[in-house]
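Both chains come to you apart, so use the hints to assemble them.
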Amino acid sequence: DVKVTQSSRYLVKRTGEKVFLECVQDMDHENMFWYRQDPGLGLRLIYFSYDVKMKEKGDIPEGYSVSREKKERFSLILESASTNQTSMYLCASSPARARPIYFGEGSWLTVV
Amino acid sequence: ELKVEQNPLFLSMQEGKNYTIYCNYSTTSDRLYWYRQDPGKSLESLFVLLSNGAVKQEGRLMASLDTKARLSTLHITAAVHDLSATYFCAVDEGTYKYIFGTGTRLKVLA
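Protein chains in written order, with the numbering used here: chain A, 499 to 610; chain B, 7 to 116.
So that you can see chain B by itself, here it is in the shape it has in the complex (with noise of 0.2 angstroms):
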C-alpha cells in the first residue's frame, strides 16, 4: 500500500526566513504533485513533477523530485504572510489513484 508522508507537519516560520517542507512516499512513481489549501477552501494546484529531477518554481515556492530517494521537497524562501496555507503533496501511483499527504499547515508570522 503506498504510504505518502510530509513532514513537519505544523510549521510556524518568521517572514523573510526560509524552509523546506519534505513529502516522502513509499512505492516507485515519478509522478507527484504539489497543492496548497486556504482555511475553509479547497485545494489548488502548484507544481507538477513528472520525472526524476524535475524543479519546477513560482516566486518564493520551489519544489523538487528525487524518485530514486522517494522525496520531494517544496522549498520556502523569504517567506511571507501570504504563504500562510496548508499544503499537500500527491503521489500518483499509476492506477488512477492519487494518494494524498497529510498535509503541511504553515504559519508565517509577520
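Just chain A, same shape as in the assembly (with noise of 0.2 angstroms):
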C-alpha cells in the first residue's frame, strides 16, 4: 500500500511563528502536492513538485513556500504564520500523470 505520512496531525502555533509541514511518501512518486482544506472551499492547492528541487505554484501559493531535497520528501513553510492559515494541510503524492493522487492523514493546524 502507499503511505503518505505527516509527521505532525495537529499543531497550535503563534502568529508571526515560522513553521515546517514535512510529508514523506514510500512508493517513489514522482510528483508530490501540498493543499489546504477549508469548510465550503473544498481542496486548494499550494504547490506541486514534479521532481527533486523543482516546484510549481499553485492557486494560492502566497505565505507559503515549499522544499524537495529529496524525492520522497516535500516539505511546506510558513515563514510566519497568520490566522488565516489555521487550516487542514494534506500532503498528496502520485506515481505519474493519469494516475490518482494519494494523501496522507492530514495536519491540522491552528494559529492564533
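Simulated from the structure, these hints should not be mistaken for laboratory data.
Possibly wrong hints are sitting among the right ones.
[What the hints assert, rightly or not] Per the computed footprint, the stretches of chain B lying under chain A, defined by three or more beta-carbons under 8 angstroms from a beta-carbon of chain A, are: (1) 45-59; (2) 89-100; (3) 104-116.
Ideal placement from N, C-alpha and C gives every residue a C-beta, glycine not left out.
Here's what the structure looks like:
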C-alpha cells in the first residue's frame, strides 16, 4: 500500500512563527502536492513538485514556500504564520500523470 | 482557469434509495477521479476515469465520465449508512495539477 506520512497531525502556533510541515512518501512517486482544505472551499492547491528540487505554484501560494531536497520528502513552510492560515493541510503524491493521487492523513494547524 | 463544480453540496437520503452526484468541469479533460473523505480523515481514492464513456463500479457506487458534456456522475444504488461521507471529484488539467470540486456531503439516514 502507498503510504504518505505527515509527521505532525495537530499543531498550535503563534502568529509570526515559522512553521514546517513535513511529508514523506514511501512509493518512489515523482509528483508531490500540498493542499489546504477549508469548509466550503474544498481542496486548494498550494504548491506541487514533479521532481527533486522542482516546484510549481498552485492556486494559493502566497505566504507559503516548499522544499523538495529528496524525492520522498516534500516540506511546506509558513515563513510567518498568520491566523488566516489556520486550516487542515493535506500532502499527496502520485506516480505519474493520469494516475490518482494518494493523500496523507492531514495536519491540522491552528495559528493563534 | 479550470473550475470544477459539484452538486448537490449536501445530500440527505434514506437508506435503500438511489441518488446521483454530479461533477461539472469547465475545460477539456479526459481524466477524472472520485474520492471519499470520512469526518476527520484524509481522502481515499474511489474511481479513476480516463476516457470518454468510462464507467467504473464498486459495490453500490458507480461512476461515469462524459468528456463531451464535461460531466461525471457518481450514482449511489440502495444507499446504506456506511456510505455517509463527503465525496470529491477531481479533474486532471494536464499540467500535473488536480483541481478538486467543493465536495458533496452525503448523509444516509436509517
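Verification of the supplied hints:
{"no.": "1", "hint": "45-59", "in the structure": "holds (count 7)"}
{"no.": "2", "hint": "89-100", "in the structure": "holds (count 4)"}
{"no.": "3", "hint": "104-116", "in the structure": "holds (count 6)"}
When held up to the earlier numbered hints, the structure conflicts with none and fits them all.
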